[in-house]
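4 protein chains.
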Amino acid sequence: MEIDVLRPNKKYVICAALTGAATMKDQNPAVPYTAEEFAEEAYRCYQEGAAVVHIHARDPQTGLPTENIDQIQRVVDAVRERCPILINLSTAIRAGVPAEARIKPIEVIKPDMASLNTGSMNFALINRKTGELITETVFENTFAMLSSFARVMKENKVKPELEVYDLGHMENVRLTSLQGVFEEPRHYNFLFGIAGGMPFSVGNLAQYIAGAPDGITWVATSIGPKLQPVCNMLSLALGGNVRVGLEDNIWISEGVLARGSYEQVALAVKMGSTIGRGPATPEEARVLLNLPER
Amino acid sequence: MEIDVLRPNKKYVICAALTGAATMKDQNPAVPYTAEEFAEEAYRCYQEGAAVVHIHARDPQTGLPTENIDQIQRVVDAVRERCPILINLSTAIRAGVPAEARIKPIEVIKPDMASLNTGSMNFALINRKTGELITETVFENTFAMLSSFARVMKENKVKPELEVYDLGHMENVRLTSLQGVFEEPRHYNFLFGIAGGMPFSVGNLAQYIAGAPDGITWVATSIGPKLQPVCNMLSLALGGNVRVGLEDNIWISEGVLARGSYEQVALAVKMGSTIGRGPATPEEARVLLNLPER
Amino acid sequence: MEIDVLRPNKKYVICAALTGAATMKDQNPAVPYTAEEFAEEAYRCYQEGAAVVHIHARDPQTGLPTENIDQIQRVVDAVRERCPILINLSTAIRAGVPAEARIKPIEVIKPDMASLNTGSMNFALINRKTGELITETVFENTFAMLSSFARVMKENKVKPELEVYDLGHMENVRLTSLQGVFEEPRHYNFLFGIAGGMPFSVGNLAQYIAGAPDGITWVATSIGPKLQPVCNMLSLALGGNVRVGLEDNIWISEGVLARGSYEQVALAVKMGSTIGRGPATPEEARVLLNLPER
Amino acid sequence: MEIDVLRPNKKYVICAALTGAATMKDQNPAVPYTAEEFAEEAYRCYQEGAAVVHIHARDPQTGLPTENIDQIQRVVDAVRERCPILINLSTAIRAGVPAEARIKPIEVIKPDMASLNTGSMNFALINRKTGELITETVFENTFAMLSSFARVMKENKVKPELEVYDLGHMENVRLTSLQGVFEEPRHYNFLFGIAGGMPFSVGNLAQYIAGAPDGITWVATSIGPKLQPVCNMLSLALGGNVRVGLEDNIWISEGVLARGSYEQVALAVKMGSTIGRGPATPEEARVLLNLPER
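Chains as they are written, first to last, in this note's numbering: chain B, 161 to 454; chain D, 161 to 454; chain W, 161 to 454; chain A, 161 to 454.
Heads up, a few of these hints could be off.
Since the list gives no way to pick out one identical chain from another, each pair is judged satisfied if it fits inside one copy or across any two copies.
Claimed, not checked - BS3-like cross-link-like pairs, simulated, lysine-lysine; straight-line CA separation at most 27 Å:
1) Lys185 x Lys314
2) Lys386 x Lys430
3) Lys170 x Lys289
4) Lys430 x Lys270
5) Lys171 x Lys264
6) Lys314 x Lys264
7) Lys270 x Lys317
8) Lys270 x Lys314
Calculated directly from the structure, the hints in this document are not laboratory data.
Put together the whole structure using the sequences plus the hints.
Printed below as a string of structure tokens:
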């Protein structure tokens, strides 16, 4: 893909990733567990300018991520009742959930969008000073899963967000696209900085972009208080979209916990305004991201 | 150079390029011509957060760029009287000025910094839709000039800002550095988008960075209302410094003329704040940019 | 790593990968199954200029790859008796072998070198025209395995060949290296073109090189009759080493089966001669690849 | 441009640059000065596999490069009489020749191809250990010249070889192409390693390729006994064409002068054979390089 910065996209889509699979209330009390909390947090993000929320539903008692369809449905219903923000459901859910349980909510609930992981990899937490391994899992995303998840999404008019953690994942998508399982143009999330995936560098970002087909939409994402804003800024500068949220970063500034994902949404809006770009509404996002008609 | 975005520079230096050689009052009436106008504009930039002003002095009557040392001295004196902002003088001045007249003001006036152009090139204005040539000059910056200008700057404790318009210019600097004419670490201005030089792309920025030695300081610069803010944002995201000013861009937002370079300084400060970075004072800039002691 | 092509390495190491886990006699009858066949094939490669053989031992009856230590020992003994070529054992062996069985031969047999896979990934065979999946496995190489295998190799003075299939794998190695489990400088195999890993492009090769630490040794490898020679040539041009063999490519030219890996060794020697480089002897390879003293 | 190494060009064009502007008989006595010497040298190159000769005609007495049209005509006639090799004339000729005299031979003689320099730059000889400047010139190639030379070539059905020494030159060509002065697809010479232009690195080669339009033909070129063969090998591996000759390199191997450009042609043929590629005849080259019908 060639990016023509002389013809910038004025509008960009902010997606707020409210929870992820790992962030807990003891790290930041604003992480939602119950459907009501999800709805409230989504609403605040919507008010600040987010057009999409990315959701890993939680068990309302334990706060752990859950593949329970009733609970996921409750969360989605509560959010939809509260505001017209678009819904992007996770199909990663958490380590160890079998493939069928990962894709089932998509068929049943038919969200606007869903994450679609594009390759197997180590997914680890590592002490970056000592190299010591803290925890890890092998995150399984086979070609067979990529293809079958994509088919389910296409049939149910759910737009996949293609999660690429490395250049091989870009190629996995390209090869799988030959089967005709994706609606074009595709939407990519270029990820950086997960132990097991590609580290961040501007040259690595350039390779993601160089390897992407023309016409796609994209966002660059990373985790942590330093890399998340860097990725936001690069996305904004280069015509991409923006993802924020407590899933990736529990802070709003150095040493200060975010009161909610919505504070990061507001910061992204401010950031975008300094380069003349404004956040899309959910209806505008639907057009910008080429979401199928429902 | 490898950029470690996990250890970002909190502070960054804003340089305001007040005039350039080409921007005239009929394009934007805030372009300073007289010493008093330079001083007033520099002061406003200083108040908004700039630590450096880049100056092409003008003939106070005609507004044309001038190599007249008395006039340059008047401008520098007026600015210095008004506020403690650092002064970066141009050694490009304007097309057609001989080498001796380009470097002479550095010896006489001894500014804090000075631009040092690092390679010969076409310098043109081209209609980007039709390819039609509007105007051009061969901008002469021989190896001999690069080396001799660098010596004069070193002897006079003036920090060169190495203007690189292409990858060959990076190599010109590397080769010339073997003569020992530069104080280390060096300061680079990575330029994009001049017809005759490297166009902007994130891959090209990555190649500038890949080719730069460790430890340098840098800013990425372009011209025009679209590319200048893109370069500002990339610089801020990646730990660089920022250059704004009417030399590069006469606008503050789409269709709205900047009331002065200072409005762009203020915008850069706002941009930086969204990633937790703040502008350096002139004294802090002196340390950050490794300026020689005076 | 910066490559200084003005100071090229005159000598380079040819490693012949005799079998791999998948290539069978019905594809090319020269694939060795028995210890005697391995010894004969290794000898021919040695005579043509190879300094290292990479070995996946086979069950002499079925020809399938085996983790049976006695059989691996037999193969190694037979090769060592025949000629002084260095031995690089696989620790991948084949899909489904548990970690302990993968590393055990290294402890017992103590080859000169061993492959060390550096990240989990899909490892698939895909129809490149239709995108249809033919077969796949999740190739598990966790951080825990990377670290523990590296420790075993260090204790047994076996030089790891770090198999990197993507940029994330480079980072996995960097992070793990902080534990001090590798002897420096390290030796890398930059892989391209496996479905699941990074595809080949010259920009991707540039990113591998850009991300590698200074002072390492390396080889670029791919599979198939078109990509393997491309990688050989790029390695030779850029100062790297060379890997050939029936594991990666059963052909010697279009439509002509190689009579053995040795024919590809001879071709690599011819290729190197056209750029003034010659193959290292096993003793020279020991020095070039920084193998530990035994 | 994306290079698909899975669909390699079997044939490639070898161009032998017999003289250049600077190489003299006291460096290598095989450098031709007289028309007869040019014809003989061209014939030998043709016999070894070259399809094109690149010619800077010389004064037969002094051996200095000349813009004298009669002499250039004599050289071209002598070559054409001797063998059907294609003729690529220089429009650089030598430092200091005015634009009209540089393009005039193209109009009059109408060679098959001609070099077309695409940007102004320093062109220097520098001691690479000390950085000391030995000699330099400002090589003027304005946008106006690029455009008018291209028009003359188009009118006279002469195929331009676009000489790019840096990424800015790629952009100069792109901008000028909007005027419609080039026949498509274009032919590029990606140059490396001239003091004043882009240095060689595999990342820089990747940027040249990334910035080139789809469908072009190309060759990568450098000078000196180390870089010329590296560029030949990279060109062959990546599907490009090859340039050799005493203009760029007077040696055939370390410390051994080439007996003529033809020895380097033979070496390139050997190099290509190791990757299954063979040299094009002049008639095949006409097709491969999209030369206009005459």
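Going through the hints against the structure:
no.: 1; hint: Lys185 x Lys314; result: neither (35 Å within a copy, 43 Å between copies)
no.: 2; hint: Lys386 x Lys430; result: both (17 Å within a copy, 18 Å between copies)
no.: 3; hint: Lys170 x Lys289; result: between (40 Å within a copy, 21 Å between copies)
no.: 4; hint: Lys430 x Lys270; result: neither (32 Å within a copy, 40 Å between copies)
no.: 5; hint: Lys171 x Lys264; result: neither (33 Å within a copy, 49 Å between copies)
no.: 6; hint: Lys314 x Lys264; result: within (14 Å within a copy, 46 Å between copies)
no.: 7; hint: Lys270 x Lys317; result: within (7 Å within a copy, 56 Å between copies)
no.: 8; hint: Lys270 x Lys314; result: within (11 Å within a copy, 52 Å between copies)
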